[in-house]
Amino acid sequence: MASVEDRRRITIRLTILQYLITVVFSVLAVSFWVLQVVQHAKFEEMAENNHQRTLALRAPRGLVLDRDGKVLVENRQSYSISIVREHTKDLNRTIRLLAAVLGIDEAGVRTIVDRHRREPTYRPITIVQDATLAQVSAVRARRLDFELPDVVVEQVPTRRYPETIGAHLFGYVGEVNDAQVAGGEGGLKSGDIVGQSGIEKVYNAMLMGQDGAKRVVVNSVGREIRTLEEEQPTEGKRLQLTVDIDVQKAIEDGFDSLGFNGAAVVLDPNNGDVLGFTSRPAYDPNAFAAGIDRVTWASLTSDEDRPLNDRAIQGRYSPGSTFKMAVATAALQEGVITPDFKVHCVGSATFYGRPFKCWKKGGHGTMDLRHAIEQSCNVYFYTIGNMTGIDKIHKWATLLGLGEKSGIDLPNEVQGLVPSPEWKLQYRKEKWYAGETVSVSIGQGSVSVTPVSMAVYAATLANGGTRVTPHLLKAVDDGSGWKPVPPPAPRSREPIDPVKLQAIRDGLWMVVNQAGTGHNALIKGPDGKPIHDVSGKTGTAQVISNQGKERAGKTDKDLRDNGWFVFFAPRDNPQIAGVVFLEHGVHGSNAALVAHHVLDTFFAKKDGRPLPPRPELKANLVP
Amino acid sequence: MFERRLYYHIDWALLLAILALCGLGVAMIYSTTSDPTRAVSRMYITQLYAICLGLVAMVVMLTFDYRTFTDKSHLIYIGLLALLLYVMFFGMVQMGARRWIPLKVFNLQPSEFAKVGVALVLAKFFGENRGSPSWTDLAIGGALTMLPFFLIVKEPDLGTAVTLLPVFLAIAYLAGMKMRILGILALCGILAAPIAWRFALKDYQKSRISTFLDPSQDAKGAGYQQIQARITVGSGGTSGKGFTKGTQGQLRFLPVAHNDFIFSVLAEEQGFAGVLVALGLYLFVILRALEAARLAKDRLGSYLVLGVLASFTFQVIYNITMSAGLAPVKGLTLPLMSYGGSSMIATLAGFGLILNVRMRRFTN
Numbered sequence: 001m002a003s004v005e006d007r008r009r010i011t012i013r014l015t016i017l018q019y020l021i022t023v024v025f026s027v028l029a030v031s032f033w034v035l036q037v038v039q040h041a042k043f044e045e046m047a048e049n050n051h052q053r054t055l056a057l058r059a060p061r062g063l064v065l066d067r068d069g070k071v072l073v074e075n076r077q078s079y080s081i082s083i084v085r086e087h088t089k090d091l092n093r094t095i096r097l098l099a100a101v102l103g104i105d106e107a108g109v110r111t112i113v114d115r116h117r118r119e120p121t122y123r124p125i126t127i128v129q130d131a132t133l134a135q136v137s138a139v140r141a142r143r144l145d146f147e148l149p150d151v152v153v154e155q156v157p158t159r160r161y162p163e164t165i166g167a168h169l170f171g172y173v174g175e176v177n178d179a180q181v182a183g184g185e186g187g188l189k190s191g192d193i194v195g196q197s198g199i200e201k202v203y204n205a206m207l208m209g210q211d212g213a214k215r216v217v218v219n220s221v222g223r224e225i226r227t228l229e230e231e232q233p234t235e236g237k238r239l240q241l242t243v244d245i246d247v248q249k250a251i252e253d254g255f256d257s258l259g260f261n262g263a264a265v266v267l268d269p270n271n272g273d274v275l276g277f278t279s280r281p282a283y284d285p286n287a288f289a290a291g292i293d294r295v296t297w298a299s300l301t302s303d304e305d306r307p308l309n310d311r312a313i314q315g316r317y318s319p320g321s322t323f324k325m326a327v328a329t330a331a332l333q334e335g336v337i338t339p340d341f342k343v344h345c346v347g348s349a350t351f352y353g354r355p356f357k358c359w360k361k362g363g364h365g366t367m368d369l370r371h372a373i374e375q376s377c378n379v380y381f382y383t384i385g386n387m388t389g390i391d392k393i394h395k396w397a398t399l400l401g402l403g404e405k406s407g408i409d410l411p412n413e414v415q416g417l418v419p420s421p422e423w424k425l426q427y428r429k430e431k432w433y434a435g436e437t438v439s440v441s442i443g444q445g446s447v448s449v450t451p452v453s454m455a456v457y458a459a460t461l462a463n464g465g466t467r468v469t470p471h472l473l474k475a476v477d478d479g480s481g482w483k484p485v486p487p488p489a490p491r492s493r494e495p496i497d498p499v500k501l502q503a504i505r506d507g508l509w510m511v512v513n514q515a516g517t518g519h520n521a522l523i524k525g526p527d528g529k530p531i532h533d534v535s536g537k538t539g540t541a542q543v544i545s546n547q548g549k550e551r552a553g554k555t556d557k558d559l560r561d562n563g564w565f566v567f568f569a570p571r572d573n574p575q576i577a578g579v580v581f582l583e584h585g586v587h588g589s590n591a592a593l594v595a596h597h598v599l600d601t602f603f604a605k606k607d608g609r610p611l612p613p614r615p616e617l618k619a620n621l622v623p
Numbered sequence: 001m002f003e004r005r006l007y008y009h010i011d012w013a014l015l016l017a018i019l020a021l022c023g024l025g026v027a028m029i030y031s032t033t034s035d036p037t038r039a040v041s042r043m044y045i046t047q048l049y050a051i052c053l054g055l056v057a058m059v060v061m062l063t064f065d066y067r068t069f070t071d072k073s074h075l076i077y078i079g080l081l082a083l084l085l086y087v088m089f090f091g092m093v094q095m096g097a098r099r100w101i102p103l104k105v106f107n108l109q110p111s112e113f114a115k116v117g118v119a120l121v122l123a124k125f126f127g128e129n130r131g132s133p134s135w136t137d138l139a140i141g142g143a144l145t146m147l148p149f150f151l152i153v154k155e156p157d158l159g160t161a162v163t164l165l166p167v168f169l170a171i172a173y174l175a176g177m178k179m180r181i182l183g184i185l186a187l188c189g190i191l192a193a194p195i196a197w198r199f200a201l202k203d204y205q206k207s208r209i210s211t212f213l214d215p216s217q218d219a220k221g222a223g224y225q226q227i228q229a230r231i232t233v234g235s236g237g238t239s240g241k242g243f244t245k246g247t248q249g250q251l252r253f254l255p256v257a258h259n260d261f262i263f264s265v266l267a268e269e270q271g272f273a274g275v276l277v278a279l280g281l282y283l284f285v286i287l288r289a290l291e292a293a294r295l296a297k298d299r300l301g302s303y304l305v306l307g308v309l310a311s312f313t314f315q316v317i318y319n320i321t322m323s324a325g326l327a328p329v330k331g332l333t334l335p336l337m338s339y340g341g342s343s344m345i346a347t348l349a350g351f352g353l354i355l356n357v358r359m360r361r362f363t364n
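Those protein sequences? They're chains A and B, same order as listed. Going letter by letter, the first sequence gives residues 1 to 623 in my numbering. Going letter by letter, the second sequence gives residues 1 to 364 in my numbering.
To be clear, the hints were calculated from the coordinates, so they are not data collected in a lab. No incorrect hints appear here.
Listed below are the simulated DSSO-like cross-link pairs for lysine-lysine, each with C-alpha atoms no more than 27 Å apart in a straight line:
#: 1; chain 1: A; residue 1: K42; chain 2: B; residue 2: K241
#: 2; chain 1: B; residue 1: K202; chain 2: A; residue 2: K89
#: 3; chain 1: A; residue 1: K606; chain 2: A; residue 2: K483
#: 4; chain 1: A; residue 1: K524; chain 2: A; residue 2: K618
#: 5; chain 1: A; residue 1: K342; chain 2: A; residue 2: K357
#: 6; chain 1: B; residue 1: K245; chain 2: A; residue 2: K42
#: 7; chain 1: A; residue 1: K237; chain 2: A; residue 2: K189
#: 8; chain 1: A; residue 1: K605; chain 2: A; residue 2: K618
#: 9; chain 1: B; residue 1: K330; chain 2: A; residue 2: K89
#: 10; chain 1: A; residue 1: K237; chain 2: A; residue 2: K474
#: 11; chain 1: A; residue 1: K89; chain 2: A; residue 2: K214
#: 12; chain 1: A; residue 1: K405; chain 2: A; residue 2: K474
#: 13; chain 1: A; residue 1: K189; chain 2: A; residue 2: K214
#: 14; chain 1: A; residue 1: K201; chain 2: A; residue 2: K237
#: 15; chain 1: B; residue 1: K206; chain 2: A; residue 2: K89
#: 16; chain 1: A; residue 1: K42; chain 2: B; residue 2: K330
#: 17; chain 1: A; residue 1: K395; chain 2: A; residue 2: K342
#: 18; chain 1: A; residue 1: K237; chain 2: A; residue 2: K483
#: 19; chain 1: B; residue 1: K245; chain 2: A; residue 2: K214
#: 20; chain 1: A; residue 1: K424; chain 2: A; residue 2: K357
#: 21; chain 1: B; residue 1: K330; chain 2: B; residue 2: K154
#: 22; chain 1: A; residue 1: K605; chain 2: A; residue 2: K70
#: 23; chain 1: B; residue 1: K241; chain 2: A; residue 2: K214
#: 24; chain 1: A; residue 1: K483; chain 2: A; residue 2: K201
The whole structure should be built from the sequences, with the hints applied where relevant.
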């Protein structure tokens, strides 16, 4: 019925449509060819970035054990909550929601995010370290609802210090800072946890493990579907320290009981093994393990007692009478005196037109070296020090370990000072006065020492002249078994004549066992008789001169004297040597109280006796 | 009614190509909805039911002479308008739009059937005239199209509504509308665009278009789907990632993968090879149907075939372009492949009419 004209028109117009559609389909085919064949590589990569994520598997730091294999520092699992911005659609919304879910301050979260804003977006920004279980489950619930797809909960091994002992010894860990990353120490990257102090810092490279990684497939809302590959983290190396946990605890208990600040270092005088090491006041290293909060940090840094300061290696104090053995050694070794050399003390003596007082008003009468040490007679040491001269005193004090860095494997040790004319000329631009030698002879004047150098001093006297290097690392286990670390070489070796040395040792033995001031350090066996021939010397050093004290009048500042006790035992074959320093401890005999507990513990363990209970020490506060 | 000899005139090749596309669609629906982390979805089964129902509809459409349908087209048209009105007031709301009438087995979407209805009524209307249509004819034909158009726009479902326009244009074109008028209409469309932009389009529609022009300006929002579509297609490569091995669709980086973006998933999992096969099948179906229009024994048949084919072709081309991230994202499904019962039934019914016209080219 259709007219011819209609038929023709329809045929033509349909043909046009045919060609048109064929062209359109050809264009489509070419477009797909461009996308799928020409640009395939680009899109394939984009698709992979879309659905694959690399998650870091944090390596636990190596365990730290004591010399008997008891755990000193370990790890626990904690959860950290982080934002991964890679697929964040609205960062503000995420921050707002996350702060609300976690119950924390939104501004704080924003600050953290801002600090890391310039880092690659795939790197998680940790918002909460050591999150509570409530926080973790709150976030997980939201993740299931796809509300916070860009927030991840990571399980992170976190440092744990089971007993809050040896804070300054172990140090603490913290997130690597920008300077450390820039310094490029062993490829550290932002977010790494590194040792910031103590053993954690010195042996960080060993303790840090190798982080692993997990490549996972995630869906569009960030849920993990399956794991593609997994590289297990390698745990850090295990370290065995020279520290004896019982000795360490004994030191800490002693300080806790007495309540003084100060420091103590206990060594094996034969090789420099550090058996115990403390500085008071201390901090809790656990507070740093999962990121220290601002309040705690502020209170630590603003505390006038400076708990972060390691007094044992960074405090410099006047040694007082404990310096007398250095003077005695110099005088003996340089042939200035013999042990039988006698001085008559009447309570004071005059040198270079100036009177120098003995601590005992009436004087000690005539005494030899042994008794001078026992009684700590100032006049005796004024006399022999003046005879010996500052150069020789300086030489022998240095050989014994004073005024030098000990070389202990802890960071930021400072050097003490044993003055010499050269030193005075160089730093004070002044000539040495002979009268200064007299003051130095009893450990006053510009002599200053660190507690650790005093421990070395005690060890050198104990072993007869070998200045051992105190060290903490005993063995390392990288997973293939323990490998002992040889002790570092002694700093110097200058044998002291045994006969002369014996005179000094006798004097020190008398300090503890006879009429001396170190009686507190005496240890007794089960039968009540003294054992192990404890030898030592107290020192009581003014923190301010008598005149200064008067000028200061009534003040809030603690102006009480510092107390020292250096010791070793047994006298003739020493196995332990060390020092206890009490800041404002009033008298060295109080320091001997702590030393007593340490020695008692050490020898009880050695002899197989039960360890002494926690002591209840009572300091003598009468100056 | 159905004479035995007509059976031999059924275009089996076209039917086979259609069924092949349906099969491809079912396979892709299976692939995108079988999420290993969840229970196996039964969407592909639903789709199989829809195909069966569609084939029944197709048979119904074949059984009667197409003129029977065009004769009754005014009734069909009125019924259609009634359904659309019913949806407007009592329809089921899903994803912010009121498009469905809930039935027991599936949800009926009358707008899908509007395409066939409009094709019928326009074929009848233009088929009654000889010579090129006058302005009055065009106005009436336009009005017949715009009535359901506006009802569907109000649902709102701009995408489906727009597919009605090719029906009108194609039939008018074939009926001999002057090319000049076509030009004028095109010009009007271009001039109207800024006005539509200003007044008619909703914000989300505007943002879809503006992000199409520069997807990166809103890579996480409206531009997201477009970028993901390109990644999906591009990452497929020559031979694809393999059945159910696609990451973009499987892990839901691409939304509604079993629906609007089913072709992207095909491109991802079967690669350029699969794309060529599917494109070839669609091209074959369209050209074969155009053939039916040419062979039709009367104008009415030609117009009817082209009317049905117009919205189909428009939708296929637009959806595939969008699947490759080359057109603004619009909720337009891919006929024969996308998941959706109403669309499948309406499309197969439409092809029933096309087969019908070809089959009866020799009858009186």
